[in-house]
Amino acid sequence: MQATEAVKLLLGIGEPLIGRLLTYDALGMRFREVRLRRDPKCPLCGESPTIKDLSIHMSGGAACATEGDGRGATVGAPAARSGG
Amino acid sequence: MRSVKEMIAEARQIIPEEGPEQLEKRLRTDTPPVVIDVRDPDEYREGHIEAAANISRGFLEFRIGAAVTDLATPIVLYCQTGLRSMLAAKALSELGYTSVINLQGGYQKWAQSGLPTVRDIPLSSDQIQRYSRHFLLNQVGEKGQRRLLRSKALLIGAGGLGSPTALYLAATGVGTLGLMDGDVVDITNLQRQVLHTTEDIGRPKVESGTRALKALNPDVNVIPLATRITVDNVMDVIKDYDLIIDGSDNFETRYLVNDACYLAGKTNVHGSIFQFEGMATVFAPNAGPCYRCLYPTPPPPGLVPS
Numbered sequence: 001m002q003a004t005e006a007v008k009l010l011l012g013i014g015e016p017l018i019g020r021l022l023t024y025d026a027l028g029m030r031f032r033e034v035r036l037r038r039d040p041k042c043p044l045c046g047e048s049p050t051i052k053d054l055s056i057h058m059s060g061g062a063a064c065a066t067e068g069d070g071r072g073a074t075v076g077a078p079a080a081r082s083g084g
Numbered sequence: 085m086r087s088v089k090e091m092i093a094e095a096r097q098i099i100p101e102e103g104p105e106q107l108e109k110r111l112r113t114d115t116p117p118v119v120i121d122v123r124d125p126d127e128y129r130e131g132h133i134e135a136a137a138n139i140s141r142g143f144l145e146f147r148i149g150a151a152v153t154d155l156a157t158p159i160v161l162y163c164q165t166g167l168r169s170m171l172a173a174k175a176l177s178e179l180g181y182t183s184v185i186n187l188q189g190g191y192q193k194w195a196q197s198g199l200p201t202v203r204d205i206p207l208s209s210d211q212i213q214r215y216s217r218h219f220l221l222n223q224v225g226e227k228g229q230r231r232l233l234r235s236k237a238l239l240i241g242a243g244g245l246g247s248p249t250a251l252y253l254a255a256t257g258v259g260t261l262g263l264m265d266g267d268v269v270d271i272t273n274l275q276r277q278v279l280h281t282t283e284d285i286g287r288p289k290v291e292s293g294t295r296a297l298k299a300l301n302p303d304v305n306v307i308p309l310a311t312r313i314t315v316d317n318v319m320d321v322i323k324d325y326d327l328i329i330d331g332s333d334n335f336e337t338r339y340l341v342n343d344a345c346y347l348a349g350k351t352n353v354h355g356s357i358f359q360f361e362g363m364a365t366v367f368a369p370n371a372g373p374c375y376r377c378l379y380p381t382p383p384p385p386g387l388v389p390s
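Those protein sequences? They're chains D and A, same order as listed.
Going letter by letter, the first sequence gives residues 1 to 84 in the numbering used here.
Going letter by letter, the second sequence gives residues 85 to 390 in the numbering used here.
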């Protein structure tokens, strides 16, 4: 899925997953699409951002010092997901 | 009888002109014009505006109907210096095209203004065969394949997500793939991280990854980056790439990649997976939300499964 999105973006074709979160449940074999909206209070890309450089990351993983009301968080806490 | 000068002057009366900067701006909007390079194919191959299709002057009236069906479509024509395309634009307007513009100064002025150009490197016979199935797709074609071969994508993580993504992108013929991972291959990785093999155990993932990608497609320039992405290297690493693909396995990295991509104006193809559930989205700066719009605050350390 990431590869397909990457190729589409590089070629400028189709509709990329911008503003949409696609979730995949392998056991149920179900795909679900969640609309995502920009959070005007986002500390990074909102109307009055508090993060203007990467200094928040300087003190060793303290990316936590952020604000925001989390209204955009529609698909469960990030703790439910890992990677690798 | 009229001289060429008179013909051009006459065309100028009805065909508006636009300079390179104006065209470049319009190409970046949501409704860019159709750009047609009316020079001969050998001139086009030597260097052209990326968005331009090549229909040489001699064929223009015959082929424009197939290329542009709606007569109201904005069309910008250019040649080397803007004279041939001026006459070509007049011909199109006589065919009923209502919004034809000539690029003032032509390709020469565009290139002299320092605006980007692309040069078509001829595809080898192997490449023509390898990518032949792409040529059958209207949305890709030979033009798209050249664009992929010129593209640069950075894979952050050569693990469970990065492995299949890297293999597909290499197979597709993305010309430059940065592969960034500071880990070595462990036997527990092998049931899902398909970039690595049993004999790679103990070796850096970017080493086995590079070998696998080159073996799949020697066209691809793989850049191994055997280090973890950190606040100190992230900006310097991502600046060279058109697209960032986040296949990392921890929140610290995801927030770092998100913030750096936003600040550098890079699009981030995000993916994550946990047990039987996966998710994917694209964070494009200012075109949609970012990771922090979804999750403003990282989870407390220690609460995170790996």
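Among these hints, one or two may not hold up.
Said to hold, decoys possible - Derived BS3-like pairs (lysine-lysine); straight-line CA-CA distance at most 25 Å: (1) Lys52/D to Lys323/A; (2) Lys227/A to Lys109/A; (3) Lys8/D to Lys298/A; (4) Lys109/A to Lys41/D; (5) Lys109/A to Lys193/A; (6) Lys298/A to Lys227/A; (7) Lys8/D to Lys193/A; (8) Lys8/D to Lys89/A; (9) Lys41/D to Lys193/A; (10) Lys52/D to Lys193/A.
Stated by the list, open to error - Computed, partial: chain A to chain D, Cβ under 10 Å: (11) Gln188; (12) Gly189; (13) Val224; (14) Leu251; (15) Tyr339; (16) Val353; (17) Gln359.
Claimed, not checked - Taking CB as the label site, the calculated pair distances span: (18) Glu47/D to Lys298/A: 24 to 34 Å; (19) Gly12/D to Met319/A: 19 to 29 Å; (20) Glu47/D to Pro200/A: 31 to 41 Å; (21) Thr165/A to Ile13/D: 25 to 35 Å; (22) Lys236/A to Ile13/D: 36 to 46 Å; (23) Lys236/A to Ile18/D: 46 to 56 Å; (24) Ile13/D to Ile212/A: 15 to 25 Å; (25) Gly28/D to Thr311/A: 31 to 41 Å; (26) Gly28/D to Met319/A: 33 to 43 Å; (27) Ser48/D to Ile212/A: 51 to 61 Å; (28) Glu94/A to Val34/D: 56 to 66 Å; (29) Gly142/A to Ser48/D: 52 to 62 Å; (30) Glu94/A to Lys52/D: 15 to 25 Å.
What the hints contain is simulated information worked out from the structure, not anything from laboratory work.
From the three backbone atoms N, C-alpha and C, an ideal C-beta is built for every residue, glycine too.
Practice task
Below or equal to 25 Å on CA atoms is what counts here, so check Lys227/A against Lys109/A.
Solution key: Cα-Cα ~22 Å, so holds.
Exercise for the section: Take a look at whether the Cβ-Cβ distance between Glu94/A and Val34/D falls inside 56 to 66 Å. Expected result: With a Cβ separation near 59 Å, Glu94/A and Val34/D satisfy 56 to 66 Å, so the hint holds.
Problem - Straight-line alpha-carbon gap Lys52/D to Lys323/A, limit 25 Å - result: Judged against 25 Å, a Cα distance of about 17 Å means the pair holds.
Handout entry: Verdict for Lys236/A, Ile13/D (Cβ pair) under range 36 to 46 Å
Key = 18 Å, violated
Problem - Hint check for Lys298/A and Glu47/D - Cβ pair distance inside 24 to 34 Å - result: Violated, since Glu47/D and Lys298/A (Cβ atoms, about 46 Å apart) do not stay within the stated range.
Exercise for the section: Mind checking the alpha carbons of Lys109/A and Lys41/D for me, to see if they're no more than 25 Å apart? Expected result: Roughly 30 Å between the alpha carbons, so the hint for Lys109/A and Lys41/D is violated.
Problem - Restraint satisfaction for Gln188/A [CB to CB of chain D, less than 10 Å] - result: Interface hint status for Gln188/A: violated (26 Å vs cutoff 10 Å).
Problem - Tyr339/A as chain D interface residue, shortest Cβ-Cβ below 10 Å - result: 4 Å, holds
Exercise for the section: Would you check the hint for Lys41/D and Lys193/A, treating anything up to 25 Å between C-alpha atoms as holding? Expected result: Not OK: Lys41/D and Lys193/A at ~44 Å, beyond 25 Å, violated.
Handout entry: Range agreement (Cβ of Lys52/D with Cβ of Glu94/A, hint 15 to 25 Å)
Key = 56 Å, violated
Handout entry: Range agreement (Cβ of Met319/A with Cβ of Gly12/D, hint 19 to 29 Å)
Key = Given range 19 to 29 Å: holds, Cβ gap about 25 Å.
Practice task
Using the beta carbons of Lys236/A and Ile18/D, state whether their distance is inside 46 to 56 Å or not.
Solution key: With a Cβ separation near 20 Å, Lys236/A and Ile18/D fall outside 46 to 56 Å, so the hint is violated.
The structure shown violates the earlier hints numbered 4, 7, 8, 9, 10, 11, 12, 18, 22, 23, 30.
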